[in-house]
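Full structure from sequences and hints, please.
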Amino acid sequence: MAITIYVPRDSSALSLGANRVAANIQAEADKSGVEIHLIRNGSRGLFWLETMVEVRTSKGRVAYGPVMPKDVASLFDADFINGGAHPLHLGLTDEMAWLKKQERLTFARVGITDPVSVEDYVAHDGFKGLKNALTKSGAEIVKEVTDSGLRGRGGAAFPTGIKWNTVLNAPADQKYIVCNADEGDSGTYSDRMIMEGDPLVLVEGMTIAGLAVGATQGYIYLRSEYPDALVTLNEAIANAYQAGYLGEDICGSGQCFHLEVRRAAGAYVCGEETSLLESLEGKRGVVRFKPPLPAIEGLFGKPTVVNNVISLATVPIVLDKGGKFYQDFGMGRSRGTLPIQLAGNIKQCGLVEKAFGVTLRELLYDFGGGSASGKPIRAVQVGGPLGAYLPESQFDTPLDYEKFSEIWAVLGHGGIVAFDDTVDMAKMARYAFEFCAIESCGKCTPCRIGSTRGVEVMDKIIAKQDHAKNITLVRDLSDTMLNGSLCALGGMTPYPVLSAINHFPEDFGLKKGQVA
Amino acid sequence: MSDEILVDIDQHIEAHVNVPGALMPLLHAIQDDVGYVPEISYSRIAKALNLSVAEVHGVVTFYHHFRTHAPGKHILQICRAESCQAMGSEALEAYVKKTLGVDYHQTTADGAITLEPVYCLGNCACSPAASIDDQVCGRVDVERVNEIIAEARGA
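As you go down the protein sequences, you meet chains A and B in turn. Under the numbering used here, read the first sequence as residues 112 to 627, first letter to last. Under the numbering used here, read the second sequence as residues 52 to 206, first letter to last.
Please note that a few of the clues may not be correct.
Claimed, not checked - Distance condition first, Cα-Cα at most 25 Å in a straight line; then the derived BS3-like pairs of lysine-lysine:
(1) A/K538 x B/K149
(2) B/K98 x A/K394
(3) A/K623 x A/K486
(4) B/K148 x A/K538
Simulated from the structure, these hints should not be mistaken for lab results. The model shown is predicted, which means the values in this text are computed figures rather than measured ones.
Written out as structure tokens, the structure reads:
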């Protein structure tokens, strides 16, 4: 019988040589006459161990990693196809502490299944949520999602069920489901991991959304920096059409939903929902005024659900196991789980899906193992380039939307970027303005002009020119951007800037404890 | 501008003219094929999609991904975002610029490599990241980037 071997097709694994590892395994197997079945799975999310190769044995899946292309011959010598001992042997994958400590709901299948195989997806509880949804009315589906407490995982944390309800109740001849897959925040990659590791869960989630609100067309707006995800998504969508899970007659129900991937083109601001819609319509990605909300007048002027990849990919488990099941995870008003992404200067970077309530310290040290450089972790940016920088004194904050807002921080899309003590926070504040200047859509003045003025003022502060005056100026400018910008790009750039000044004043030529 | 390219462009226009929100997919198709979006195509696109030439120009120039001039044979992108900065991307970008003798948005004298900044490749668990054409590279140090450059130059 053929031996089943898994080598990830996740682009982070590919960036470390997974394709060469896979090719070497096939060549070595051919050479030794061993019949193998090579599956290109998603990543389990332990990136310091990529390329992580798994072999299916009678005891379960056994992992080896990090495997370099040159290690393959020695793996065969060690009889790894039967789980043999080797310096890279990691034991049974299911017993790995890093995975066992997690609560994987949205990521239940990622790394386990063949991402583009409908058969494998169904064998691992796939399309159960859709089957349930097909027995319900739109209002009943929306109620289940509302009951789950699911809030938008893109960053804004708006209750998904309430958004859907608005679209459900908006009369129109055509409605749309738009998936925001323009994951531009530095330190985030959970959308990518879903799209490369379990794209069918996104297909299922969007189809359920379509049934719920009465939309027959979906678009996935995918960032152009994710060419591998594009390939995986298109394969998965084609297979779903073939198997009758997309198209004119979903599972013989007579209901219809069509799905298509559209490529973005490298504009960060298009992660903002209204500029995303402009872009989908073939225009410059310039932010729209709200109201009207996209739920009332969205894509091509029609009622549109715009949700993040993770929000939509969480819908199938909610419809499968019920809103109550999902709602039982989490704390306060943050219900369910959050796929957290550890990035930057961390020893063990990877994907941790946990119920809300886990603290930053647990993530950074228990999961992350501290800094990669071995130096103390000095600052952590949570929630992408528009998220606040947190000092060590705030590491015990539990991950919860409201707890973070109490300390003037955001969870955003769940990305955590750590910096060691070599970081210069004045440079990071300057960078926040610089990034905003590069990516501003130009519609509102605080963002368009403010970002450039911010870079100039930071340059003066760094050069110690008219120091006190310029610190006052940067605070005043931040205030204008915070309150006067049209969207989160200009409106939240002050988060990294002011948190850097407030928590790390010594990097700005101020005395510790001195808040100018 | 060779007539051949114009024929290709016209075929892409033809294939996209009835697609809702056609402009973005059309520009991608042209750039994937030709390597950039030639200015000479603007009026043809505008006519087919019932837009003004200014609108087409506006869209092409709004997005970082679209180029209006032919790039080098390969495109090397270095990630400048926070996660990669935390792992030393600043030193890496300085090294690459010095080694190639170009700044961002420029092409090496031999035409082999166009250097571009990028703001996140989603490879933040393996920072610093870079990409060569569509291939992402992780934990890129000087040694690795030298390999990438040598490979791109066909050495």
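B/K148 paired with A/K538 [C-alpha distance capped at 25 Å]: Within the cut-off at roughly 20 Å; holds.
Hinted pair B/K98 and A/K394, Cα distance within 25 Å: holds, 16 Å
Given hint B/K149 paired with A/K538 - CA-CA distance at most 25 Å: With Cα atoms ~22 Å apart, A/K538 and B/K149 stay inside 25 Å; holds.
25 Å limit on alpha-carbon distance, applied to hinted pair A/K623 and A/K486: holds, 21 Å
Comparing the model with each earlier hint shows no violations; every hint is respected.
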